[in-house]
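There are 2 protein chains.
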Amino acid sequence: MQDPLQSLATIMIPAMEKEMRLVLENGGERIDPFYGMMHYHMGWVDHKFGRLSAKSGKRIRPLLCLSVTQAAGGEWPTAIPGAASIELLHNFTLIHDDIQDASPTRRGRATLWKIWGANQAINSGDAMFAVAHIAMSRLMERGVPGETVVTCLRRLDETCVVLTIGQYVDMSFENQQTVTVDEYLSMIDGKTAALLAYSAELGARVAGCQTDVINHYAAFGRDLGLAFQVRDDILGIWGDELLIGKSAATDIVTRKKSLPVLFGLSQSAELRELYTQDASDEPFVKQVIQILDNVKAREFAENYEEQHAQSALDHLAAAGGQGAAGEALYQLSDMLLNRQA
Amino acid sequence: MQDPLQSLATIMIPAMEKEMRLVLENGGERIDPFYGMMHYHMGWVDHKFGRLSAKSGKRIRPLLCLSVTQAAGGEWPTAIPGAASIELLHNFTLIHDDIQDASPTRRGRATLWKIWGANQAINSGDAMFAVAHIAMSRLMERGVPGETVVTCLRRLDETCVVLTIGQYVDMSFENQQTVTVDEYLSMIDGKTAALLAYSAELGARVAGCQTDVINHYAAFGRDLGLAFQVRDDILGIWGDELLIGKSAATDIVTRKKSLPVLFGLSQSAELRELYTQDASDEPFVKQVIQILDNVKAREFAENYEEQHAQSALDHLAAAGGQGAAGEALYQLSDMLLNRQA
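Line by line, the protein sequences give chains V and C.
If you number the first sequence the way the working numbering does, the last residue is 341 and the count never jumps.
If you number the second sequence the way the working numbering does, the last residue is 341 and the count never jumps.
With the rest of the complex left out, here is chain V (with noise of 0.2 angstroms):
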């Protein structure tokens, strides 16, 4: 096998897609508005629910959940409820998500709550969180013991109470003149570095592996999160435009709050000055960029990644994972530490 990832999500996505259908397509009969929202929400129907095939997301949570399970001695197939229900959960919190940003699209297509208004979003994404859990409860019926899917479901909503602190904290940043970047990476922990963690722990515990190893299991999906994350904030800043799409700019321009500018903010008076004014030319970003580079802001969010990508992989080492499955993971870790865009 020449390449374990790439063989592995080929059969395993589809199995969590075809889950994900099951517990949200209602025995099937007819789409009516309801879940037709939901379905329109995960790409499946246009607007008027018509069948459509849209760009989904990468699946990278239920990837990793599989994944794990499989590594750790157990059978993937087995966790497809558990992976599914990640997914649903993920996609729940990006419903609640647009309507917090009033973000008009996502993926090329318009948001749910543009469409059908706020009410029915806020509705929508409540509904498919109950469906999340709808679809952990049917590791019941691939032979996971009762107590195990209780703690599986009870950990996804301990889970979910941390991604909502996270996100309580991350709009407190709108009402806060000075955000540290401690403050920060408290944030990214709950909102980005929490459901990864999650992931990779609901993967072990399917497998039925021991408590240290469920934990290097977490401990492995947290670190990955939050270097995913720095390294997302650093391309907003440095990427290659050709590569990432959009202006590399894109991030100052916003005046998001990401690592490297809460650390240049925290650095240089001039940053905080600079950062109150309304510019968003050329030269206020190469000016920006220059007084990021003179205090070394991308080597501090550098260096903070590479430390948890470390420690990712430390911890994958730890747990012990075997097969194509173990490899693929270091191959998954490989993707999203290293990735250009």
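Hints are computed from structural coordinates only; laboratory data are not their basis.
Quick caveat, the model's predicted, so the values are computed rather than measured.
Take every hint as true, because none was put in to throw you off.
Straight-line distance between alpha carbons at most 30 angstroms, and here's what the computed DSS-like set of lysine-lysine pairs gives: (1) V:K256 <-> V:K58; (2) C:K114 <-> V:K256; (3) V:K114 <-> C:K256; (4) C:K18 <-> C:K114; (5) C:K257 <-> V:K48; (6) C:K257 <-> V:K114; (7) C:K114 <-> V:K257.
Estimated spans, in silico, between C-beta atoms of each pair: (8) C:G57 <-> V:F173: 30 to 36 angstroms; (9) C:V253 <-> V:N26: 36 to 42 angstroms; (10) C:S172 <-> V:G57: 25 to 31 angstroms; (11) V:N26 <-> C:E183: 16 to 22 angstroms; (12) C:R107 <-> V:G57: 38 to 44 angstroms; (13) V:T10 <-> C:N175: 41 to 47 angstroms; (14) V:T254 <-> C:G50: 33 to 39 angstroms; (15) C:T148 <-> V:R142: 16 to 22 angstroms; (16) C:S172 <-> V:T250: 35 to 41 angstroms.
Cβ atoms here follow ideal geometry from the backbone N, Cα and C, with glycine treated the same way.
Starting from the structure of chain V, add chain C where the hints point.
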């Protein structure tokens, strides 16, 4: 025991409140804004997070759940986590309902979104939804078998899907020219009856009842909910103003689509014409009531109410509850069904 319901409520409700605080207090260390917003909604603190004893809801759902467990041969304290879960879930729906209805106040206090904005309120509701699940999973710690807990959780989420369908239908009414009596009844089946049905069902599941008994309790709760809601509709037009504390005409002035009105609209072209007008003065209200009386809208609603009230009592009898808790269930039914306000 002269008053079984009062005696049981006096011990059950504080025990359930204690459980809710336990899962909502995050170790009890400090009330930061994240937990503080949820505590505010529960009436535990004011908007500056100072201690408060605000009027709480009537806690009918947990009381129903705990009484069924006891009446069905279980020990009510076993069901406390389930009762707390239901009450938290109910409150999650209220937080989101208040945003969707743009309601500025609830129980005499500003709503959560009114103080912290819709975005934070969406997030607080999501958090409370997750916490409601965590509460339910604590049934394990009271000795309920894992498989039963998974079933209770799954039924909780299936109920949530029904609730969100009811909410979807209710919100869709705003854009509909006509709402039929059947559409309305299916809406209240979701919005009001489903959670009462689940409350009674859960009590029976925790008590370890057989399927037929569980089904009788669920049907009892559902019929109770339907009769209760229609009674509410009747009181909203013909209730005693002094008893219900608001003008009985409110539902007519606000053009609320309640059962008697929808029945009236289906029967009378004159009423349909009248309801297109902007009027809200006394002659208008009198004219509407006159038409409703002419087409026997009150009798229609009362007939529906009585059928479901009788069916509720039949199911309760068939369920065969025993002891003081069994009597309390009849009292609770009587209280909900025969109220004058």
